[in-house]
Amino acid sequence: MAQYLILIYSLEEGFAGAPSDVRDEIGAGHAAFAQKYGPAILGGNALQPTGAATSVRPDGADGFTVTDGPFVETKEALAGYYLVEANDLDAAVAMAKDVPSPFGGLEVRPIAVLN
Amino acid sequence: MRVTRDLDLAEECVQDAYAKALQSWASDGVPSKPAAWLTTTARNRALDIIRRDALFRRAMPELVMDDVAPVEDVDVDAIPDDRLRLICTCCHPALAREAQVALTLRLLCGLSTADVAHAFLVSETTMAARITRAKKKIAAARIPYRVPDAAELPGRIGAVLEVVHLLFTTGHTATSGAELVRADLVERALQLARMLRALLPDDADVAGLLALLLLTDARRDTRVGPDGELVLLADQDRGRWDRARIGEGVELVRDALRRRPPSRYALQAAIAAVHAEAPTWEQTDWREIVALYGVLLQVWPSPVVALNRAVAVGLADGPAAGLAALDELTGEPQLAGYAYLPSSRAEFLHRLGRDDEARVAYEEALHFTSNAVERAFLERRLAGLVR
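Protein sequences, first through last, are from chains A and B.
For the first sequence, my numbering assigns the number 1 to the initial residue and increments by one for each residue that follows.
For the second sequence, my numbering assigns the number 1 to the initial residue and increments by one for each residue that follows.
One thing to keep in mind: the hints can contain errors.
Pulled a few chain B residues facing chain A out of the computed Cβ check, cut under 8 Å [to be verified]:
1) Ala94
2) Ala96
3) Ala99
4) Arg142
5) Ile143
6) Ala151
If you only want the chain A side, here are some residues facing chain B, beta carbon under 8 Å, derived [claimed, not checked]:
7) Ala2
8) Asp88
9) Asp90
10) Pro110
11) Leu114
With a Cα cut of at most 25 Å, we get these calculated DSS-like pairs of lysine-lysine [claimed, not checked]:
12) Lys75/A to Lys97/A
13) Lys97/A to Lys137/B
14) Lys136/B to Lys36/A
15) Lys36/A to Lys97/A
For the record, the hints were derived by calculation from the structure and aren't laboratory data.
By construction, the Cβ of each residue, glycine as well, lies at the ideal position given by its N, Cα and C atoms.
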C-alpha cells in the first residue's frame, strides 16, 4: 500500500458563482466519495479561497517576507485535498476520478517515504 | 516483471538472460520457445539476485513484492502476459509520450540507451536522463505492472498503439537527417505490432494498426530512387511492392473493419489497401479514397486528414476541385508550417497552368522542410516549372 495526496484545483470564481443546487451537488459528491472509500481516506479538507492565503518567504537575510496571497498565482487554485491510501497509481487515479472537480481538475502526488 | 518492482534490476536480468542465451544457444541450440526461455531465465536471475542481495533487500524492501512465486511454478503459457504487462507499464498514460516511446524501445525491443538516443536524434545523456526520470516516476508513483482490467484495457491499448504508430512514422519518414526511411525503427514498430497481434488476436484496433504498418511498409523499397531521391506514390514501381506484406495487410483490414464504427487505424489501413490493390496510379479508386477519408475525418478529426482528403478530391474530380478543397484549409492553425499543404497546392496549381503561383507555393513548402530527400524533391519540382 502507498499513500497519495489528491489535490483539488478549481477556478475560485467558478465555485463562488455557482448556484446553490450546483454547490449541493458538489457536496453530495464529496459525501459519496467518503462513503465509497471510507477507511482508505486518511484525511482531507476544503481550503478557504486564496484571498485568505498568506505567503511567507525567507528574505535572504535573517528574516522573512510575509505577503498577502497564495505562493504561486494560478488560474485554478488549490482548493482542497484528500490524503488516501491505494495499492498503486491506477487505484489512486481511479479514486481521484470520483472526487468532484467541476471547475478544474485533480493532481495525484505520491507521498514520499523517508527512511 | 512481476517478480521485481525495480525496473533497473529487471532490465539487468533481461540483459543477463540475453547474454546467457547467446552462450547456451550456441552450444545447445535454440530452445523451442526462445521468448519463454528468456523470460524464465531473466526471472530466475532476478530471484537469484533478490535472494542473494541482502543489501538490496534492506535498501529497497518496498520494491520487492511479497508474492514471489517459486521458480518451479513458472507457467510458460502465462509468459505472453508478461510482455503485455510490460508494454502497458511502458506506455502508461501517467508517463510523457516521449518517455513511453523510449521505455518501449529500451525494455520491449532491447535497444541500448545509445541506440534509443540515436533513433530520436538526441544525445545519449539526454536520453539516459529521460529514461531515468521515467523509471523514477514508475517507482515513486507506483505505476503498476499489470494488464489493465477489461473496462480500462481498450483505452490503454490505444496508448500502446499510438506509441507503436509514432515509432513507425518516425522511421517511415525521418523528420530530419539524410535518409528518408529509418529501417531499424520501422522494423521495431512492425515487430511490436506483430507481438500485440499475437497477444490480442481479437482486438480490431491492433489488427488495423498492423495492417496499416504492413501496407505502408510494403512500398518502402520503391519510395526512394537509385540516387536517394523521393519517388511519389504516383511514380513508384508497383511491381516491386512487397506482395506478401500487401496480402497479409489486406487480410487484416477485413478483420479490422468488423468493428462499428471502424477505428482510425482500420480506416487508414483500408485507404492504404485501396492504393496497394490499384494496378496503376491512374486506375486508383479515388472516389473510394475520398469516401474513406470522409469517414476517417468523423472518427478521428484532424487537419492532416482533411488535407489528405482534399488532395484525394483533386485526384477524383480534377485539380480545380482539389485546389478549392485545399484553400479551405489554409486558415487552419495546425497546418501552419506544415510543408505538405503548400506542396500539394503547388502540384494542383502547376496542373492548372498557374506556374507563377505554383513557384511561390513550392518555395513556401521548401521553407518548412528539413528532410534532405524531401527538399531535393521539392527543388526538382521547382526547377521543372516553366520560367
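Evaluated hints:
{"no.": "1", "hint": "Ala94", "verdict": "holds (6 Å)"}
{"no.": "2", "hint": "Ala96", "verdict": "violated (15 Å)"}
{"no.": "3", "hint": "Ala99", "verdict": "violated (14 Å)"}
{"no.": "4", "hint": "Arg142", "verdict": "holds (4 Å)"}
{"no.": "5", "hint": "Ile143", "verdict": "holds (5 Å)"}
{"no.": "6", "hint": "Ala151", "verdict": "violated (10 Å)"}
{"no.": "7", "hint": "Ala2", "verdict": "holds (5 Å)"}
{"no.": "8", "hint": "Asp88", "verdict": "holds (4 Å)"}
{"no.": "9", "hint": "Asp90", "verdict": "holds (5 Å)"}
{"no.": "10", "hint": "Pro110", "verdict": "holds (5 Å)"}
{"no.": "11", "hint": "Leu114", "verdict": "violated (12 Å)"}
{"no.": "12", "hint": "Lys75/A to Lys97/A", "verdict": "holds (21 Å)"}
{"no.": "13", "hint": "Lys97/A to Lys137/B", "verdict": "holds (20 Å)"}
{"no.": "14", "hint": "Lys136/B to Lys36/A", "verdict": "violated (31 Å)"}
{"no.": "15", "hint": "Lys36/A to Lys97/A", "verdict": "holds (12 Å)"}
Hints 2, 3, 6, 11, 14, counting from the list given before, are not met by this structure.
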